[in-house]
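Take these sequences, add in the hints, and give me the full structure.
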Amino acid sequence: MMTFIPPRLRKPAVYAVAGLSFAAAWLVHGGHLWFVSIMAVIGTAAAVVRLYRLGGTDTDEGARAGSRADERQQLVSLRSRALACNLAAVTSFIGLTVAIAVGGAWGWPFLVTFLITGYGYLLGVGNYGVAEEGTPDDADTGRQTRPPVRS
Amino acid sequence: MRNRVREQRRQRGLSQAELADALGVSRQTVISIESGRYMPSLPLAFTIARFFDLTVDKMFDPDDEEAGA
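Residue numbers (the working numbering), protein chains in the order written: chain H, 1 to 151; chain X, 1 to 69.
Fair warning: there could be bad hints in the mix.
What the hints assert, rightly or not - Here are some, though not all, of the chain X residues that point toward chain H, as calculated from beta-carbon distances under 10 Å:
no. : residue
1   : ALA20
2   : SER26
3   : PRO40
4   : LEU54
5   : THR55
None of these hints come from the bench; they were simulated from the model. Backbone N, C-alpha and C define an ideal beta-carbon position, used for all residues, glycine too.
Shown next, in the form of structure tokens:
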């Protein structure tokens with residue numbers, strides 16, 4: 001679906017959908033905090049405009065915002081997301097541990113986050129880390145490859 | 001790893017932006033490669049070498065740890 005959207009509009013579109021969803025949630029919530037949804041819409045509009053303008057600049061951030069990142073910029077983005085996930089996993093583990101120690105019932109979001117990050121890691125290894133086992137090149141010639149460690 | 005990107009680019013009178021356009025990468029990436037801060041992927045290394053009519057091992061010297069000057 002994203003391929004039908006011009007690259008420079010993709011990230012702003014994602015921000016717009018996320019921001020408007022957040023605003024809608026506050027609107028549905030109702031009560032005396034309904035005005036938060038208005039603030040969310042204003043904040044989202046400002047962020048979307050800023051992101052669109054950033055996408056037109058000749059910088060690394062601009063390339064990422066404009067969805068035209070090359071391999072180095074994508075690598076930076078990938079490493080940053082990996083770091084963010086590592087931090088999420090460590091933080092959720094600490095939170096869960098503290099919740100258990102003090103007997104707090106508020107620990108379950110930490111457990112959910114920890115399980116999701118762990119499952120995400122396993123999913124990634126399963127999807128991207130599977131290589132064909134194959135056989136050594138000379139397996140059919142009768143020669144044996146040398147084991148990595150001599151016993 | 002030392003590379004000859006800057007040297008070759010200057011010999012051909014190209015700006016970093018022009019080389020970036022020709023290679024299909026950003027100007028910032030060309031700067032990073034020239035300064036040795038970023039090691040390109042194998043496909044990009046081949047693209048660079050072919051652009052300058054050199055082989056990859058002539059363009060990138062793995063024996064020299066010093067960044068390209």
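Open item on the list: If you test the structure against every hint from before, which numbers come out violated?
Closed with: Structure breaks hints 4, 5.
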